[in-house]
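One-letter residues, chain by chain:
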Amino acid sequence: MFSRPVFWQSVRSHYVLWVICTVVLTALLSLISAFHDPSVMSSFMEAFEDTPMAAEAGDQFELFGSLLGIITQTVFGFAGMMIAMVYVVVTANGLVASEVDRGSMAYTLSTPIKRSTVIFTKATYLIASIVLMFVIIGGVGAVTIQIKHHGLWGTTYTADVKAAAKILDRDRAEVAADLTLISEDPQAFSAGARARGLTPMVYSAYLVQAMQRDATAAAAEVLGMPAAELAKDPSPILDDPEAVAAAAGVLKQDPVAFRAQLEEMLAQMEASKAEQAIIETQLTDGLTAAAKHLGLRTAELAADLSLLKDDSGAMAVASEASTMDVLTLDYVITQVMASNEVSADLAVDFDAFAFLMMILGFLLLMLAVSGISFLASCTFNLSKHSLALGAGLPFAFLILNLLSTVNDTLEPLKFFSLMTLFDTERIMRGLLYAPQFVALGVLTVILYVFAIRVFKRKDLPL
Amino acid sequence: MFDVSFYIEEGEVFGFLGPNGAGKTTTIRHIMGFSKPEKGSTTVDGMDGWRDADRIQKEMGYLPGEIALPANLTGTQFIRYMAELRGVTDMTKTEYLLNKFELEPSGRLKRMSLGMKRKLAIVTAFMHDPRILALDEPTSGLDPVMQETFIEFVLEEKQQGKTILLSSHVFNEVEATCDRIAIIKEGRVVSEIVTDDLRHRQDKVYKLELLDDDEFVRFTGDTRLGIIAAHREKLQVTVGIHDNDINEFFFILSQFHLKYLKEEKFTLEEYFLDFYDREKTVAEGVGRVAR
Numbered sequence: 013m014f015s016r017p018v019f020w021q022s023v024r025s026h027y028v029l030w031v032i033c034t035v036v037l038t039a040l041l042s043l044i045s046a047f048h049d050p051s052v053m054s055s056f057m058e059a060f061e062d063t064p065m066a067a068e069a070g071d072q073f074e075l076f077g078s079l080l081g082i083i084t085q086t087v088f089g090f091a092g093m094m095i096a097m098v099y100v101v102v103t104a105n106g107l108v109a110s111e112v113d114r115g116s117m118a119y120t121l122s123t124p125i126k127r128s129t130v131i132f133t134k135a136t137y138l139i140a141s142i143v144l145m146f147v148i149i150g151g152v153g154a155v156t157i158q159i160k161h162h163g164l165w166g167t168t169y170t171a172d173v174k175a176a177a178k179i180l181d182r183d184r185a186e187v188a189a190d191l192t193l194i195s196e197d198p199q200a201f202s203a204g205a206r207a208r209g210l211t212p213m214v215y216s217a218y219l220v221q222a223m224q225r226d227a228t229a230a231a232a233e234v235l236g237m238p239a240a241e242l243a244k245d246p247s248p249i250l251d252d253p254e255a256v257a258a259a260a261g262v263l264k265q266d267p268v269a270f271r272a273q274l275e276e277m278l279a280q281m282e283a284s285k286a287e288q289a290i291i292e293t294q295l296t297d298g299l300t301a302a303a304k305h306l307g308l309r310t311a312e313l314a315a316d317l318s319l320l321k322d323d324s325g326a327m328a329v330a331s332e333a334s335t336m337d338v339l340t341l342d343y344v345i346t347q348v349m350a351s352n353e354v355s356a357d358l359a360v361d362f363d364a365f366a367f368l369m370m371i372l373g374f375l376l377l378m379l380a381v382s383g384i385s386f387l388a389s390c391t392f393n394l395s396k397h398s399l400a401l402g403a404g405l406p407f408a409f410l411i412l413n414l415l416s417t418v419n420d421t422l423e424p425l426k427f428f429s430l431m432t433l434f435d436t437e438r439i440m441r442g443l444l445y446a447p448q449f450v451a452l453g454v455l456t457v458i459l460y461v462f463a464i465r466v467f468k469r470k471d472l473p474l
Numbered sequence: 028m029f030d031v032s033f034y035i036e037e038g039e040v041f042g043f044l045g046p047n048g049a050g051k052t053t054t055i056r057h058i059m060g061f062s063k064p065e066k067g068s069t070t071v072d073g074m075d076g077w078r079d080a081d082r083i084q085k086e087m088g089y090l091p092g093e094i095a096l097p098a099n100l101t102g103t104q105f106i107r108y109m110a111e112l113r114g115v116t117d118m119t120k121t122e123y124l125l126n127k128f129e130l131e132p133s134g135r136l137k138r139m140s141l142g143m144k145r146k147l148a149i150v151t152a153f154m155h156d157p158r159i160l161a162l163d164e165p166t167s168g169l170d171p172v173m174q175e176t177f178i179e180f181v182l183e184e185k186q187q188g189k190t191i192l193l194s195s196h197v198f199n200e201v202e203a204t205c206d207r208i209a210i211i212k213e214g215r216v217v218s219e220i221v222t223d224d225l226r227h228r229q230d231k232v233y234k235l236e237l238l239d240d241d242e243f244v245r246f247t248g249d250t251r252l253g254i255i256a257a258h259r260e261k262l263q264v265t266v267g268i269h270d271n272d273i274n275e276f277f278f279i280l281s282q283f284h285l286k287y288l289k290e291e292k293f294t295l296e297e298y299f300l301d302f303y304d305r306e307k308t309v310a311e312g313v314g315r316v317a318r
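The listed protein sequences derive, respectively, from chains A and B.
Using the working numbering, read the first sequence as starting at 13 and increasing by one per residue.
Using the working numbering, read the second sequence as starting at 28 and increasing by one per residue.
So here's chain B without its partners, still in its complex pose:
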């Protein structure tokens, strides 16, 4: 069913993007040693995910996608429980996290909102200051302000050289934090992107509207332009231009009567959604423009 291969360099933040049921959580389960791969293996720090599960956990923090905290405990008891299991005695990191996420953990877990439980899970995942982290949908249930705080915190951790696997379907948090992103679909890695390439892409897309139908016909007939899409009724045209050709592009534009011109910003979201709309290869995906 599943055939997923990827590696994460030390100190790298790796995004794991895909729709529900794509196999993100299953992959993390294997890395954590909860399940044994039918084929192949997972390795963390050179240790086998299944055989050495307990040894791997020493250097690892895990934030489960589904927040199901143990019953009958208070938040404080849960933190103490996790600290004891991890053998953590120095609580400075825990205190720092509680402050950062503005969490007051003394209440009963049963009565806590999803957001509070999520914060508790974040605290216990990072409390032992692990070198490696596996975060599954880390911000679901957090309010927008806390999502920002979390992104800020992940960037802090990244600064300290942590290796992070971040599984998510929230584009802006992946875009903001990850060095590389793998897109997973139906149990397969269908695309791998270096985020910097996206940020500094030199192929840009412009959308413009012409004054009238004559201009539209004249414009679409111009062979020097890389026209991607044209709508005659709306008199709108979408054009793809490499940064190197930008001067020539404006020179050509000056010969037409335009209503407006705007750049179509390329976002990961569009890229991702398009990927799921159609069966696309990596090359096509990066080259895509029009909707």
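One chain only, chain A, in its complex shape:
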């Protein structure tokens, strides 16, 4: 069933391209991980937050601003798939069709090796080489992420939690789980503010928002729904007493009081929707004017609002342009800065499980692609025919997948692309993706079984 000489001959013939593609993909993932800076990313997102582009993208912005989001768009996106597919497609063709076309298969088959053994060994090589490629990419990538962001195993703590825990002489995990420990201790509070490089006012606003976030996350866990979704519309919490209790627990509040507060907040949110839009426009006007005053670009100023907040002259200009009084403007800016800090925390968070699942999904996708190419390679006697189908179809899938993201009219194209079965967004959102993975696996098995049968039975022009 398996022939060592045939396997090693396959390795010798194809390792160069394997090394190149593995190195390129690994380097891409490692470099992106190593140079990813969560705070830059969140300011970047902030700069775009009020543009129409952001409105269009919706919460995708938050999703793709994280390290994992960046990785999905590059390594697990078009670029990464291109590179991996070059190896898969070229190797699948080279293993069988090209050897038949050139005639060198004749030497292998003129020995007492069964045809089924030859083809099974070649299939084994193709699968094993792809699996090893992804083990290396995933392994090196994971190590880089761990070294740079400590987000993969062990828990990451923000700078203020670390500083406050030291002052409080408490466990970091304990402090991170209960931020009231910081807000209630003046020493810990000022240490935390210093560690984050924030004024007490902004830090205080940050702590409130961060606790709200944690409360929502606790409730989301009880409700079994994504935290991001619940943050946009917290009303489902009210329907579940357990969720209310969980959220209140985080905030160290009485559930009844929390419920009342939440109800009030929801009502306010509803009422102030229009108002909020106005404030946003006003803020943009103010920022633009202040930026001009300070000789900065608006985006630059948006990336570091403290430049505005700490400059009374600029504040006066901004106040005039935005038609808000200085106090209100100061409050709004404080809230925005606090929420920037909260998003920066999010960027630190790295969903290791999602990363693992993406590596797995990418691997399964490439195995299915290799199945297509291998079947083509086993079916056709001419290299050009094998490549026409074995490379043409996978790359057509890739193009269709790309086109389907352009706009809504083209979106249905995704139903004609194999790549749709590897849906990074679903994985990141924690939606169901196991059926797609199973489908890819089953497809791979079918394609390979079929390819081996075809090769065993066909006439070879050797």
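Check each hint, because a few of them may be wrong.
[Claimed, not checked] Straight-line Cα separation of at most 30 angstroms, DSS-like style, residue types lysine-lysine; simulated pairs:
#  : chain 1 : residue 1 : chain 2 : residue 2
1  : B       : LYS144    : A       : LYS468
2  : A       : LYS126    : B       : LYS85
3  : B       : LYS85     : A       : LYS470
4  : A       : LYS470    : B       : LYS212
5  : A       : LYS126    : B       : LYS189
6  : A       : LYS126    : B       : LYS185
7  : B       : LYS66     : A       : LYS468
8  : A       : LYS396    : B       : LYS189
9  : A       : LYS126    : B       : LYS234
10 : B       : LYS63     : A       : LYS126
11 : B       : LYS66     : A       : LYS470
12 : B       : LYS63     : A       : LYS468
13 : B       : LYS189    : B       : LYS85
14 : B       : LYS63     : A       : LYS470
15 : B       : LYS231    : A       : LYS126
16 : B       : LYS137    : A       : LYS126
17 : B       : LYS144    : A       : LYS396
18 : B       : LYS231    : A       : LYS470
19 : A       : LYS396    : B       : LYS137
20 : A       : LYS468    : B       : LYS85
21 : B       : LYS292    : B       : LYS234
22 : B       : LYS231    : B       : LYS189
23 : A       : LYS126    : B       : LYS66
Derived by calculation from the structure, the hints in this document are not laboratory data.
Bear in mind that the values here come from a model prediction, so they are computed numbers and not experimental data.
Put chain B on the given structure of chain A with help from the hints.
Just chain B, lined up with the frame of chain A:
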């Protein structure tokens, strides 16, 4: 399309002669089990060429017509690869072959000349000392000296009782090595010859030129002679004579004035070419003489 039937006795060297595209390689493909015959079957050692392809290969050596060696290997690696696939551990035959064909296999296959690749293919076809061989155009790409060496080597193998199918369009190597020759054309065996019959044919052909036109007219009018062709302008006549009648032939000749007389040697090449010129049956082919 194709309808080819023949058998090869054990220990026999069988020549397979035919022009390009006649179906020689296709036939060998079927014997090797690369293709499944649409109709009929091939049998080697009592085993079916398609079903038992792998078992047949144990006792078989194959020299492909087109030399397309695997990419990215050196000659030494290729020899080792083939040895591993064949389970050959005793490399004495390989060493012998490398010596015989003066081959230094350590270079990369990509950089080798056609002749070197051909030698490598020969080495790997014979390395396991197989009882049965299928050789497709074995000497194409070899220089004349190596072609001679190869013929010598095939004769050595023949001495050891190997059964060999030799497909070729090089007449002298077929003539020199084969016991029997099949001529294949358009997917059909059109003629089968026992080589010894050719070598020891007793029908001979003589060409002569007469002194002048009178002699020519007198000669061509003689009814005792088996005249095959006559050219009056050149005064040349071609005559077919059986060895038994040779004395009478010379007696008749003595009565004419000749410029010269020479025997037209019968070669396989002529026989073969003539076969392809015209649609001939076996009997006509053997009986042919004049051009």
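Comparing the hints with the structure gives:
For a cut-off of 30 angstroms, the pair hint linking LYS144/B to LYS468/A stands: about 28 angstroms separates their Cα positions. Of the supplied pair hints, the one linking LYS126/A and LYS85/B holds, its CA atoms being roughly 11 angstroms apart against a limit of 30 angstroms. Between LYS85/B and LYS470/A the CA atoms are separated by roughly 22 angstroms; this keeps the pair inside 30 angstroms, and the hint holds. Of the pairs offered as hints, the one joining LYS470/A and LYS212/B holds, with about 26 angstroms between alpha carbons and a cut-off of 30 angstroms not exceeded.
With a CA separation close to 24 angstroms, the supplied pair LYS126/A and LYS189/B stays within the 30 angstroms bound. A hinted pair counts as satisfied when its Cα atoms are at most 30 angstroms apart, and LYS126/A with LYS185/B qualifies at roughly 29 angstroms. Taking the CA atoms of LYS66/B and LYS468/A, the gap is near 19 angstroms; set against the 30 angstroms cutoff, the hint holds. At roughly 40 angstroms between alpha-carbon atoms, LYS396/A and LYS189/B are farther apart than 30 angstroms, so this suggested pair is violated.
Distance restraint check for LYS126/A and LYS234/B: the Cα-Cα separation of roughly 59 angstroms exceeds the 30 angstroms cut-off, and the hinted pair is therefore not satisfied. With a C-alpha separation of about 15 angstroms, the suggested pairing of LYS63/B with LYS126/A holds against the 30 angstroms cut-off. For the hint linking LYS66/B to LYS470/A, the alpha-carbon distance of about 15 angstroms falls within 30 angstroms, and the restraint holds. Restraint check: the Cα-Cα separation between LYS63/B and LYS468/A comes to about 11 angstroms, which is no more than 30 angstroms; the hinted pair holds.
At most 30 angstroms may separate the alpha-carbon atoms for a hinted pair to count; LYS189/B and LYS85/B meet this at roughly 14 angstroms. A hinted pair counts as satisfied when its Cα atoms are at most 30 angstroms apart, and LYS63/B with LYS470/A qualifies at roughly 8 angstroms. Of the pairs offered as hints, the one joining LYS231/B and LYS126/A is violated, with about 53 angstroms between alpha carbons and a cut-off of 30 angstroms exceeded. The suggested pairing of LYS137/B with LYS126/A holds, with an alpha-carbon distance near 27 angstroms, which does not exceed 30 angstroms.
Taken as a hint, the LYS144/B and LYS396/A pair is honoured in the structure, with Cα atoms around 25 angstroms apart against an allowance of 30 angstroms. With a CA separation close to 51 angstroms, the supplied pair LYS231/B and LYS470/A exceeds the 30 angstroms bound. About 21 angstroms separates the Cα atoms of LYS396/A and LYS137/B, which keeps this hinted pair within 30 angstroms; it holds. Of the pairs offered as hints, the one joining LYS468/A and LYS85/B holds, with about 19 angstroms between alpha carbons and a cut-off of 30 angstroms not exceeded.
In summary, the hint linking LYS292/B to LYS234/B is supported, as the alpha carbons are separated by about 10 angstroms, within the 30 angstroms threshold. Between LYS231/B and LYS189/B the CA atoms are separated by roughly 33 angstroms; this puts the pair beyond 30 angstroms, and the hint is violated. Between LYS126/A and LYS66/B, the direct Cα distance comes to roughly 23 angstroms. Compliance with the 30 angstroms bound is thereby established for this hinted pair.
In terms of the numbered hints stated before, the structure departs from hints 8, 9, 15, 18 and 22, listed from lowest to highest.
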